[in-house]
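**Q** I would like the entire structure built from these sequences, with the hints used as guidance.
Chains as they are written, first to last, in the working numbering: chain A, 90 to 462; chain B, 7 to 172.
You can trust all of the hints, since none of them are fake.
In silico SDA-like pairs for lysine to any residue, Cα to Cα no more than 20 Å straight-line:
hint : chain 1 : residue 1 : chain 2 : residue 2
1    : B       : 56        : A       : 160
2    : B       : 16        : A       : 219
3    : B       : 34        : A       : 109
4    : B       : 34        : A       : 154
5    : B       : 53        : A       : 159
6    : B       : 53        : A       : 131
7    : B       : 56        : A       : 164
8    : B       : 56        : A       : 166
9    : B       : 16        : A       : 218
10   : B       : 53        : A       : 135
Listed next, the stretches of chain B that the computed footprint assigns to chain A, with coverage defined by at least 3 CB atoms under 8 Å from CB atoms of chain A:
hint : segment
11   : 13-25
12   : 57-68
Here are the in silico distance ranges between beta carbons for each label pair:
hint : chain 1 : residue 1 : chain 2 : residue 2 : range
13   : B       : 97        : A       : 135       : 38 to 44 Å
14   : A       : 273       : B       : 99        : 57 to 63 Å
15   : A       : 186       : B       : 30        : 34 to 40 Å
16   : B       : 14        : A       : 272       : 55 to 61 Å
17   : A       : 242       : B       : 14        : 39 to 45 Å
18   : A       : 215       : B       : 28        : 15 to 21 Å
19   : A       : 390       : B       : 27        : 42 to 48 Å
Don't read these hints as lab results, they were simulated from the structure.
Ideal Cβ positions, reconstructed from N, Cα and C, are used throughout, including at glycine.
One letter stands for each residue in the lines below.
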Amino acid sequence: MTALRNIAIVGFAQLPIVARDEHRMATEMLYPAIRRALADCGVERDDIDYQIAGSTDYMDGRPFGFVAALDVMGSWPARQDLHLEMDAAFCAYYAWVRMQAGECDTALVAAHGKLSEGEPNRVLNLQLDPYYHAAIGLDAASTAALQASAYMARTGTTDRRLAEIAARNRTAGARNSDAQVRAPASADELQHTPWLVEPLRSGYVPPVGETATCLILAAEGKAEKFCDRPVWIHGVDHRTEMQTLGARDLSRSASTQLAAQKAFAMADLARAGDVDVVELSAATPAEELILCDALGLDTHADRPVINPSGGPLCGNPIMMTGGIRLGETFRQLAGRAVGREVHGAARGIAHATQGHCLQHNIVWVVGSERRWS
Amino acid sequence: MSEPPKDPVKYVDSAVYLPYNYVAGDYKARYLAALKDKRIIGSKCSKTAKVFVPPLVCSPESFAPCDTFVDVADRGVVTTFCIVNIPVIGRDLEIPYVAASVALDGAAISIFALIQECKPADVRMGMRVEAVWKPDGERQGDHEDIQYFRPTGEPDAPQASYINRL
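**A** Right, dumping it as structure tokens:
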């Protein structure tokens, strides 16, 4: 692997995820998140070269709604800026690419969206093919259930196993002050929650939640000044699959598998099991199992610890969920995951996804040490 | 397959229904509530002391928080304007009409407003104008509470007084 620039995550801030913030618009929630992330690094907005934000106008209900965020991002004097209709973890990738190209040394990666103001299920239905999928009323819960069903049929995974995975996330989420669902729940309790879309129970899917997030990235030379424990990016790759659900093997995530293979090669990581902590954008226990299969992780092992934050099951703000995974991995390695520390964590994997049934996946490998000398 | 189908193709009806339920936000809510009392409020930048109307949580220019609310006048100066000769969707306005930027006294930026009670040709940059409110009891706490602005008859403001608030 050719040596690349050492680039680190040096700051992360989010507001606690809530069902609905009655007092603030999306941009008014974003402003304090950006201020906190910059304050964490001890820098001002002028110290940041590049800014990028992730959100979706369909959730905002406003065409070009994303431009409103510019007013709370410190966009003056005139800045280099980019907006993606993608999760923050993909925005971070674009910032990383710009930094690898040598066009900037520091970047602010924001994400925002008031999911409670619209109806996410209606919006996610429109993400599907309009003729055969959207028209029959499929939404994110039903496509996730199709995927769960496919996985269970291929592997013999039981309802009980899904309940156990959900319970592990819920137990972890109780220790995360930024989580939306903070009440722990046992597998027995979750296995008795009603079917939402069989084989998914209401206890296996997250509620609608909203927040705002901001990551700060910096290249070697500046990263050490911004953060006493920068978390270095060792490898990253993202891959996507077809839109047509019927054309895919929904019981597997081929795109996660390939992205992981490429990211691990960049990171010189032999296997996923060698890291200490993994944060997955798994919105259901079945997604977690599919992702673990794709990454080559043993879901029964003690290490790495999977979703010590509680994962998306305890808070799934669309467009921010993946960025939070990256932020949580940063917090673990930087010693900032108060109350939910994975002791001795030195390497981690963060994953984010977009689209129905894990269509598009990004895999990050990060570590406490610089990747390239 | 070389010829298009002769029978009519039945299209998929994909009418999109997306309801939204917005939060005004405390800043906007406070601004709108003040309109009901014939008051216009802005927020002051903690770094530059510039006042933004309607109030903003932070200065888009300095990035500093705007954490104090201040009253501004319901009168000001026309900075820039245009004469509209096309009907506007959703409003019953006689054309031509004047849409203007009005910098209220005490505000660092201008708001958009209609100028009425004068001929469009008489509107000019620097012209002093005042708000015409809906009568007491009819104001709802929304933007329609100010019906329009009209000339005050005062002498025009010197250009230097508004050139930075265009």
